[in-house]
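As a plain string of letters, each chain reads:
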Amino acid sequence: MEFAKLFEIIIASSLINNFVFTRFLGLCIFFGVSRKMETAIGMSITFTSVMMISTALSWIIFHFIMVPLEITFLKIIIFIGIVAGFVQASDTIMRKISPGLYYKLGIYLALISTNCIILAVPLISAGEHYSFIESIAFAFGSGIGFALAMIIMASIREKLELANIPAPFKGTPIAFIVTGLIALAFTGFSGLIKI
Amino acid sequence: MAQKDTVDYFGLIKNGIFKENTIFKLALSLCPSIAVTNNLRNGVLMGTAVLFVQVMVNITISLMRSFIHPRIRLPIFMLVISGWVTVTDMTMAAFAPEAYKQMGLYIQLIVAFASILARAEMFASKNKIVPSLFDGIGMGLGFLGALTIISFFREILGKGSLWGFTIIQAKPLLIMVLPAGGFFAVGILMGFFNWMGMRNGSKSRETL
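Listed in order, the protein sequences are those of chains A and B. Under our numbering, the first sequence is numbered contiguously, ending at residue 186. Under our numbering, the second sequence is numbered contiguously, ending at residue 768.
No wet-lab data here; the hints were simulated from the structure. Be aware that a few hints might be false.
Stated by the list, open to error - No farther apart than 30 Å at their CA atoms in a straight line, the calculated lysine-lysine pairs in the DSSO-like style are these: (1) A/K27 / B/K579; (2) A/K27 / B/K585; (3) B/K688 / B/K579; (4) B/K574 / B/K585; (5) B/K688 / B/K574; (6) A/K150 / B/K585; (7) B/K731 / B/K661; (8) B/K661 / A/K(-4); (9) B/K661 / B/K579; (10) A/K27 / A/K87; (11) A/K161 / B/K585; (12) A/K27 / A/K150; (13) A/K161 / B/K574; (14) B/K686 / B/K579; (15) A/K(-4) / A/K95; (16) B/K686 / B/K574; (17) B/K719 / B/K585; (18) A/K95 / A/K27; (19) B/K688 / B/K585; (20) B/K579 / A/K161; (21) A/K87 / A/K161.
Isolated chain A (complex conformation):
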């Protein structure tokens, strides 16, 4: 039962409520980084791991500090502080401990703090009263969903570079329209699970 619930959350957050295609979050990063497959994959990996850890941290602070002190109305300020602090810390730690990994993924870390998904996940899981494991599953599913979106988009955009597009639509406008088409396909998932 418990496992089924977790599975449901992962599927729901990655496919049905995919952050990019049905909740429209993280679009700045999505359009900015999805130009090459390699960067898309790097971004997805960094993003998913950072998001899981920062969601766990936010959950702990929310339930053990903010709820007892009745300062839940400050959750926007505190969550963004946690995320920004954690991103900064992992940047420093990664540079010291594994310079190789930092060289590969470090540039994405700086971008992450401007991504709205990373703030939305703790906010939603606080709003939905998820348990600790559930909110981690939610973060994982959202990360997978974002990775899926990035990889689909990157593989299309690599081809799109060579296509003959009317001049005013070059660049971002055509990327929007392609995203619209993918989003249309993702609407097909909406009946997958009844919650």
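Once you have looked at the hints, place chain B on chain A.
Leaving out everything else, chain B in the frame of chain A:
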């Protein structure tokens, strides 16, 4: 246009609305431009919220600019922004509970707007309070205008109504209120503005 001092207020506002329009030109802060624009009312509300936050943040940062040590400026900016966003969030929850239910999450996520942080960093932290105020108004109006245009087209095509009142008695294009329609609308409008820009002889801005 220019008043006593050398600041061109009208130019500042115009810059925010046309030259550096957050959505159509800079392609920043796109999330709410699609999420809340399936009807005109939400679009205008969201735009107003952003306008308010942008202006207040610009004023606050500009007031505090000589006290902020450059090395810790980003955390301070984030604090100021999230403070004002919390104010907006609570006001909205109190006075417009219906709309808040649909778009509360996106109001809270104004915190993560690159455009607000960018204006605080690039303009308000270096300029006096009055120019910062006008810069905030300009950027905010540009955003509000963009959201209004997008939601106008989406609501009239997708539901045949405006601000909740039915206008066209025909079978609407359901796709425009679906998520996908939002992407199409923004993409086509962006292309349209690029085309206008090209026709007027100015160089096309390839954002790619």
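- Message: Of the numbered hints stated earlier in the document, which are not met by this structure?
- Response: As far as the earlier hints go, 9, 15, 21 are violated by this structure, in ascending order.
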